[in-house]
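Assemble chain C onto chain R, guided by the hints.
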Amino acid sequence: MATEYDTGQTPETVDMMLNMGPQHPATHGVFRMVLAVDGERVVDLVPHIGYLHRGSEKLMENETYAQVITLFDRLDYVSNFNNELAFVRAVEKLMDLEPPERAMYIRVILCELNRVASHLLFAGTYALDIGAMTPVMYTFRERERIQNLFESVSGARMMHNYIRIGGIKEELPDDFVHRTRKLIDELRRGVEETDKLLTFNEVFLARTRGVGMIDAATAISCGLTGPGLRASGSTYDVRKDDPYEIYDRLDYDVPIGEYGDSWDRYWLRIQECYQSLRMIDQCLDQLEPGPIMPQMRRIARPPKGEAYAHCENPRGDIGVFVVSDGTNKPYRVKVRPPSFCNLVALRQMVQGSYIADAVVVLGSLDIVLGEVDR
Amino acid sequence: MTELTAVTFSEVSVIAAALTALLTGLSIIVLSLVWIERKFLGRIQGRVGPTRVGPFGLLQPVADGIKLLFKEDASPAWANKGIFWAAPLLIFIPSFVLWITIPFSNDWVVRNLELGLFYFIAFSVLSIVGLVLAGWASASKYAVLGGLRSAAQLVSYEIPLIMAILVVVMVAGSMNIVAVVSNQESVPYIAIMPLGFALFMLAGIAEVGRTPFDIYFAESEVVGGPFVEYSGAHWAVFFLAEYINTFLIAVMAALLFLGGWSWPFGDLPSLAGLALFMGKTYLVVVFIFWLRGTYPRLRIDQLMSIGWKVLLPLSFANILIAAFQLFYGWPSWTLTLMSLGVLAVPVYFQIRVQRQPAMERARMYAERAIAHRARRPIAETGAVARTVTVKEPSA
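Protein chains in written order, with this note's numbering: chain R, 1 to 374; chain C, 1001 to 1395.
So that you can see chain C by itself, here it is in the shape it has in the complex:
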């Protein structure tokens, strides 16, 4: 445990310098993410992506950023101004302060907290507040809908995410992220708990609201959700936070499951470790972008039922098997086996569905949807089906 001691001036200045470096580094990382996403999506879609600004369009994100900063910072007349302008910061600050405890290598970390993962969980939940407030303060129905959707989505997916992290903590026996990584020196945790990795990735993608879970800012439904009324620099802050969060999930996946900067073949020098770590992280990032280029978006009720009916029970099973393995002191490969066994259940059902002829499968989905609708008629949502009559304005 770190003890509370008097902080000296030199310590403060070191931390300030580290924070500045972190902010700069993160901004550069966000720019790189934007560029990679645009290039990668372009490739998926048979385009070339940005090419005009700088070599290979490398400066395109910079140009976009400059454009955003020069745009008018408009706000709706009915908006609750104070909350409206504070909301971007409420989203940005939690996603930024998280990086204080995230190590980039053995010794590259602003503050290596003993309860690092607890800190991570505690602060990552906070961004919901910003989203809901942004939606509410915008005085726009789309924004309100988006804000409420984000609250529902983030709260439901927070649980499987936390539980997946919890199992890592149980197996590693520590909440210190550096310790978690050094525990993976021989075998990365993805090999020990593939189920945990799958849960973490699914819940993580839902948490940052990327396709197929981009429901709360669904462009074609709620037109950008909580961000619909924002423009200029404030919108840029949202954008920054969104990409930082995406990167964060990738970093956490690399740290908790892919072994961070370590690999099974002995020690690496610090810089090579950092490169390896970044390589793993960007691989996860590209995987997230790949999903975005391939999948449509789920509907809110489908999202909720996946969260509560599939991910949550699997998370409990995940904790249970890890507890058994730890309690009886079985070797770690038994956890791999049990994890794969639990993971096999949903995979088996999915394969059984997939192996039907395509038209049969389509028919099955129709029957399922009809049954779902019959179970939940509109009358059940609190009111009988009503009709709206239009009163045309009198001249």
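Chain R extracted, bound-state conformation:
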């Protein structure tokens, strides 16, 4: 029997129920929302998730700690390094382990590059949602450069499995610093190109400004984090407020938005790209030779206990809660996925706007279904 939707209306004035997704070009994966529409206006929205549920958290209980990292790669599949880092940091907290300096720097470099890659992908697909077909080509070209660098570092373009408990998998390739410096210049130009083409475009402004507005208080009560929250004027950024790795040694700004609308969320991500490139530059300056893994047992066996660690993922605050029973496999792993929590705010943002705005708002939240459904 199918799910029924009750709009509480008489038959003469029934709203049209418009099913969007799980196969729809604008839902970025297999997200599904059922819109109640009155003409072109959206009256209400019912989100449905779970089409990509793979039981990751349950799977993690049956893998050793090192193997769990590969599952984290597959949660938010466009910002893999950031995800790996969140889990690895939780386990390190559990084991009371401090990774070597060099490893921390390399982790931050890779995470920030990953953030740029993720935001570039967002900018391109967001433009596509709004109907501009060119920026996506530019951003994919730039993202490709980052992927190539990642490939030279970890051997994989997406599922890196590079960050290890206590350090990183292996030393960087010889020309890494040189290549990355060149890459930063290219990326800066690349981001600027997209920025110039799209950000202040009249039609783009008209489509995204004032759409899906949310104030900081509502955003916080919805559990919104990351660019979605900072667009409303909050400065919450895990990198600043609860510094991890070597983020407290870097000089960077946290851009914040003014209106909390879709354009602010987009603009913020572009600004974050510039800031991330700035951070990578500083990291490369401060990067010193040294060990990349501490002396430790080959198979991690954390003591009994539990630990929670969180990191700033490109989508927001990713939290990982690990419970250990003293064996080589975690007893329980719970992920607080930013995409999932950001989706909570979707309904309020979309209600009362146009159908086309629903697409714009969903795009501006930048969800990754691998992380929402786990």
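One or more hints might be untrue.
[What the hints assert, rightly or not] Looking from chain R toward chain C, a few residues come up when the C-beta cut is under 8 Å (computed):
| id | residue |
| --- | --- |
| 1 | Ile130 |
| 2 | Ala132 |
| 3 | Asp251 |
| 4 | Val254 |
[Claimed, not checked] Computed list of chain R residues with no C-beta within reach of chain C, every gap over 12 Å:
| id | residue |
| --- | --- |
| 5 | Tyr77 |
| 6 | Glu151 |
| 7 | Lys169 |
| 8 | His178 |
[To be verified] Chain R regions said to be covered by chain C (calculated; three or more residues, Cβ under 8 Å):
| id | stretch |
| --- | --- |
| 9 | 21-32 |
| 10 | 116-129 |
| 11 | 133-139 |
| 12 | 209-215 |
| 13 | 259-265 |
| 14 | 353-359 |
Note that these hints are calculated values from the structure, not bench results. For every residue, glycine included, the Cβ atom is placed at its ideal position computed from N, Cα and C.
Only chain C this time, still in chain R's reference frame:
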């Protein structure tokens, strides 16, 4: 006026041959348009476009067409079959019969009607019926939405388009397209009525539904609009009609405003004139593709407000100044001046907006959007804001 006379057999056969030639020619033109669009967009986007099929990928559109013809012609189970299969023809036939009166040069025309422009207007409106019916018969909510959007969009932009043509008719003093072109032998009409050209292009692009006005088949919203349920050969017919219409708007722009096959430096031989005409047309076509590679899509309410609040008043002003110039018999450069003067008003406002610092401009747009939303709360659309409760299925 052409008189109604008995049509002889030889006349019929000549017309049939001309129509066949027209259909073949148009198909080739559509193929060329597809190829140009893909190559040109590729260049804009830092790609090379199709390269594999034939030299420079020239045969790519042919390969695409063959693929489409071999695909299954599926239709939804709930579709109203008769209307569903008739709709592509309802779109294609009006866009094809229009070409009967469109001249390619002084004497290259199937039937040079005295009321050619009237015929053009009358038939170009008909394609709305096909779009709405295609949307309705598909039994898909996206298609219905797309069909309704197309009805709203085409009806609103039909008016400025017709009015722009009307001014051309007033100035030329004829509805015969060949006569309109021969009137432009010394000065093309774009120099006399730049405002009319701008209106015609904007409304024309909206009329054929190309970016930034591709709202009724918006890929990311209504997933192809009225065409969402079509596949195979029937979809190919839609596709053909869409490109023919794009080309049509370009041809009309070249004929009505850019001087068609004539140029200001004396007479041209027929073939050179045709080449010149095609050159102008393809220039307009490339301009339309350029817009597609650059701009995002407008929202339906923004589209409507541009149509009714900007283009319509400008169209009236356009008619008014042309009427003044004709009534008092002022020289034609006064019309140019007045036209530029009216055109300067929206351009001035746009420049004033553009010259603000970028962030200021972004802020202004936000305030404007907030004000717009406050003016039109959902309660005003006929019902109070409602909430939907989900009844989960019982096991």
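*Does the stretch 116-129 of chain R contain three or more residues whose Cβ lies closer than 8 Å to a Cβ of chain C?*
It holds, with 3 qualifying residues against the three required.
*Stated coverage of the stretch 353-359 of chain R by chain C [criterion: 3+ residues, CB within 8 Å]*: holds (count 6)
*Quick one: work out the minimum CB distance from Tyr77 (chain R) to chain C and report holds if it exceeds 12 Å, violated otherwise.*
holds (21 Å)
_Interface hint compliance - Ile130 (chain R) to chain C, C-beta minimum distance less than 8 Å_ = holds (4 Å)
*Would you check whether Asp251 (chain R) satisfies its interface hint, that is, whether its CB is within less than 8 Å of any CB in chain C?*
violated (23 Å)
*Satisfaction of the Ala132 (chain R) interface hint, Cβ to chain C closer than 8 Å*: With a closest approach of 4 Å, the Ala132 (chain R) hint holds.
*Can Val254 (chain R) be said to touch chain C, with a Cβ gap under 8 Å?*
Nearest chain C Cβ about 17 Å off; hint violated.
*Could you let me know if the closest chain C CB is still more than 12 Å away from the CB of Lys169 (chain R)?*
Given that every Cβ of chain C is farther than 12 Å from that of Lys169 (chain R), nearest at about 34 Å, it holds.
*Against chain C, does the stretch 259-265 of chain R show at least 3 residues with beta-carbon separation below 8 Å?*
It holds: at least three residues are needed, and the stretch 259-265 of chain R offers 3 whose Cβ sits within less than 8 Å of chain C.
*With a Cβ-Cβ cutoff of 8 Å, does the stretch 209-215 of chain R contain at least three residues near chain C?*
holds (count 4)
_Cut-off 8 Å, C-beta pairs, minimum 3 residues; does the coverage of the stretch 133-139 of chain R by chain C stand?_
holds (count 4)
_Is the coverage entry for the stretch 21-32 of chain R by chain C consistent with the three-residue Cβ rule at 8 Å?_
holds (count 3)
The structure does not agree with the numbered hints 3 and 4 stated previously, though it agrees with the rest.
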